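Student: Read off the chains here:
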Amino acid sequence: MPLGQSSVRPVPTGRTDRARPGAPARRGDTRRRPASGGVRAERLAPYVLVGPAVAVVVLLRLYPLVLGVNFSFTGDGERNGTTVGLDNYLELFRDPLFRTALGNVGLLVLLLPVAVAIPGLLATFIHLRTPGHRFYRSVYFFPAVLSPVIVGAIFNLLLAYDGPLNAVLGGVGLSPVDWLGDPDVAMVTVVGVHVWATFGMGLVVFLAGFATLDSALLDAARVDGASLTQTIRHVIVPGLSRTIQFVTVTTMIGMLTSMFGLLYVMTAGGPEGSTYLPEYYIWIQQGQLNRPALASAASTVLFLIMLVVGLAQISLLRRAGKET
Amino acid sequence: MSRTGWARWLVVVPMTLLALATIYPLIFTANVAMKTRREYILDRFSPAGVLHWENLATAWNSVGMARYVANSLVVVTSSVVLLLLIGSMAGFALSRLRFRGSGVIYLGCLAALFVPFQVIMVPLARIMGDAGLVDTYPGLVLVYVAQFLPFTVFLMTSYYRTIPPEIVDAARIDGNSVYGVYRRIMLPLGRPALLSVGILDALFCWNDVIISLLMMPSADHRTLMVGVTALRGQYSDDIPTFASGVLIAAVPVLAVYLFLQRQIADGVAAGSTKG
Numbered sequence: 000m001p002l003g004q005s006s007v008r009p010v011p012t013g014r015t016d017r018a019r020p021g022a023p024a025r026r027g028d029t030r031r032r033p034a035s036g037g038v039r040a041e042r043l044a045p046y047v048l049v050g051p052a053v054a055v056v057v058l059l060r061l062y063p064l065v066l067g068v069n070f071s072f073t074g075d076g077e078r079n080g081t082t083v084g085l086d087n088y089l090e091l092f093r094d095p096l097f098r099t100a101l102g103n104v105g106l107l108v109l110l111l112p113v114a115v116a117i118p119g120l121l122a123t124f125i126h127l128r129t130p131g132h133r134f135y136r137s138v139y140f141f142p143a144v145l146s147p148v149i150v151g152a153i154f155n156l157l158l159a160y161d162g163p164l165n166a167v168l169g170g171v172g173l174s175p176v177d178w179l180g181d182p183d184v185a186m187v188t189v190v191g192v193h194v195w196a197t198f199g200m201g202l203v204v205f206l207a208g209f210a211t212l213d214s215a216l217l218d219a220a221r222v223d224g225a226s227l228t229q230t231i232r233h234v235i236v237p238g239l240s241r242t243i244q245f246v247t248v249t250t251m252i253g254m255l256t257s258m259f260g261l262l263y264v265m266t267a268g269g270p271e272g273s274t275y276l277p278e279y280y281i282w283i284q285q286g287q288l289n290r291p292a293l294a295s296a297a298s299t300v301l302f303l304i305m306l307v308v309g310l311a312q313i314s315l316l317r318r319a320g321k322e323t
Numbered sequence: 000m001s002r003t004g005w006a007r008w009l010v011v012v013p014m015t016l017l018a019l020a021t022i023y024p025l026i027f028t029a030n031v032a033m034k035t036r037r038e039y040i041l042d043r044f045s046p047a048g049v050l051h052w053e054n055l056a057t058a059w060n061s062v063g064m065a066r067y068v069a070n071s072l073v074v075v076t077s078s079v080v081l082l083l084l085i086g087s088m089a090g091f092a093l094s095r096l097r098f099r100g101s102g103v104i105y106l107g108c109l110a111a112l113f114v115p116f117q118v119i120m121v122p123l124a125r126i127m128g129d130a131g132l133v134d135t136y137p138g139l140v141l142v143y144v145a146q147f148l149p150f151t152v153f154l155m156t157s158y159y160r161t162i163p164p165e166i167v168d169a170a171r172i173d174g175n176s177v178y179g180v181y182r183r184i185m186l187p188l189g190r191p192a193l194l195s196v197g198i199l200d201a202l203f204c205w206n207d208v209i210i211s212l213l214m215m216p217s218a219d220h221r222t223l224m225v226g227v228t229a230l231r232g233q234y235s236d237d238i239p240t241f242a243s244g245v246l247i248a249a250v251p252v253l254a255v256y257l258f259l260q261r262q263i264a265d266g267v268a269a270g271s272t273k274g
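The listed protein sequences correspond, in order, to chains A and B. Going by numbering that gives the first Met the number 0, the first residue of the first sequence is number 0, and it counts up by one from there. Going by numbering that gives the first Met the number 0, the first residue of the second sequence is number 0, and it counts up by one from there.
Isolated chain A (complex conformation) (with noise of 0.2 Å):
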């Protein structure tokens, strides 16, 4: 709708006053039509409708973060209030736990691929239909509606040292696992039901990503003869890199910060402080150990992680994107 989009360019001021984007000149003469109110209170509208939002967004989410930054210079406990300096970097540093939880957040970066192309290659099949795709949709998607606890809890039974899996693992005859318990393995266990439960989310984006795709491409490619691969290689990844770069972004920020239900239901940090993510981290230091300026810092690390890998993953799959 190119004349919506138009008319929402800023205009000069001087005609703030005037709720008719884009009214010809002609129409002036209705400027004082309006009843209720005069002409004042019709300039303060466009103030009074956005206040509210204005209001809470800067006052419970931009001001806490500022003051977030501010707080993580600042001493816990005795030193509370006085200025520390970056003692509690250097502390939250030298702790292991913050370590692993690091250290995790780089596991997640490994797999971001595995969980993008997930979603993406189901979505390139649903999309070129496959028998039954408006089946699989609406199956894959189900559970990104679910709860992250209700998620945990249900592979908490499934996952049981003496549960399900492992009575199947046992039934063909290979060694249970300790799916929950294992320190090496249980941060991927984790990393996999979250992909479990949120890979329909990425699948929708994705489907929404296809229908603004030229389908001519696709018929084209398809009357060449170009076999499945090429034509993801050749078609599909070029018309789709704002998709992909979304996904990946959007899945990142999910990893990173949308974990927590699972982590608390699941495993609550261990075995042996394994599946501490920095999100986790932040909490624990907040609610039970109360060291709210150290959980200041782990806030700020976690913002500024999360900044740089959306540039990163901005700019690297820009120019991929180029280049194809």
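No lab work stands behind these hints, which were simulated from the structure alone. Note that the structure is predicted; figures quoted are calculated from it, not measured. Where hints are given, some of them may not hold.
[What the hints assert, rightly or not] Partner residues aside, some chain A positions facing chain B, computed with beta carbon under 8 Å:
(1) Ala44
(2) Leu48
(3) Val49
(4) Ala52
(5) Leu106
(6) Phe124
(7) Tyr135
(8) Ile281
[To be verified] Computed beta-carbon distance windows for the label pairs:
(9) Gly100(B) to Leu96(A): 42 to 52 Å
(10) Val176(A) to Arg37(B): 34 to 44 Å
(11) Ser174(A) to Phe44(B): 11 to 21 Å
(12) Arg190(B) to Gly105(A): 40 to 50 Å
(13) Asp213(A) to Trp5(B): 42 to 52 Å
(14) Val113(A) to Ala218(B): 34 to 44 Å
(15) Phe113(B) to Ala40(A): 47 to 57 Å
All C-beta atoms, glycine included, are put in the ideal place defined by N, C-alpha and C.
Model the placement of chain B on the given structure of chain A, informed by the hints.
Tutor: Just chain B, lined up with the frame of chain A:
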């Protein structure tokens, strides 16, 4: 790409297996919830012969689930109503009105969209504590509104941009004030978007644990999802009752999904393609 037979099976078989892997955990849980403890220990997979509905009653009565459900309903409903009201007002102003600062405000909302709750959790807890709002319903509602408002504003703004500006012009010429245009034109026209965003906001609030854990420390004020975590401690050796509790907590969301999956998926997709 199903030209050759074997290629088709190469796609269809894994997709079907994955679909099974997606639904089976829930079927398993539902089945376990219908067994006795003895039946579960003897055989985890066999279908429950006699359905033990009383497990649901045990879970429901034991940890005050009724109370948690009521808490969740109150908090989620208030949050969604406020989110839709504030979000659609701001969305209308940002998309269809011209005023100084609108660009900055829109950018501010976008920026807030990328600030996760965990990053601002500590200072937010302090702010809410100072305001005396911790462990109160308005406090939790306010934090939910703050958390999901940027998303709501963003989607409402994109939706209203698709509505032709001439409609607003015509309503103004007919003598409506700005507020009149909002109430008589934008709110009714925005219904599809309000429905999609409202469902998503409701799901986010209903499914949350971390905000609720932080804002509602006392057991009486627990929301349902926090209640489920408490259930686990209580029934660690009575898996069928535990599974029943999980099932009770999952059913409302599953019902919403069955009836409204189109709107949910549309909302998620709109968040990715617009803007």
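Student: Determine for every hint whether it applies to the structure shown.
Tutor: Against the structure, the hints come out as follows:
1. Ala44: For Ala44(A), the interface hint holds, since the closest Cβ of chain B sits about 4 Å away, which is under 8 Å.
2. Leu48: For Leu48(A), the interface hint holds, since the closest Cβ of chain B sits about 4 Å away, which is under 8 Å.
3. Val49: holds (5 Å)
4. Ala52: It holds, given that the least Cβ distance between Ala52(A) and chain B is near 4 Å, below 8 Å.
5. Leu106: At 18 Å from the nearest chain B Cβ, Leu106(A) fails the 8 Å test, so the hint is violated.
6. Phe124: holds (5 Å)
7. Tyr135: holds (6 Å)
8. Ile281: holds (5 Å)
9. Gly100(B) to Leu96(A): 42 to 52 Å: holds (44 Å)
10. Val176(A) to Arg37(B): 34 to 44 Å: This hint is violated: roughly 27 Å between Cβ atoms.
11. Ser174(A) to Phe44(B): 11 to 21 Å: For Ser174(A) and Phe44(B) the Cβ distance comes to about 20 Å; the hint holds.
12. Arg190(B) to Gly105(A): 40 to 50 Å: holds (46 Å)
13. Asp213(A) to Trp5(B): 42 to 52 Å: Given about 30 Å between the Cβ atoms, the range is violated.
14. Val113(A) to Ala218(B): 34 to 44 Å: For Val113(A) and Ala218(B) the Cβ distance comes to about 40 Å; the hint holds.
15. Phe113(B) to Ala40(A): 47 to 57 Å: Distance hint for Phe113(B), Ala40(A) is violated at roughly 35 Å.
Consistency note: the structure conflicts with the earlier hints numbered 5, 10, 13, 15.
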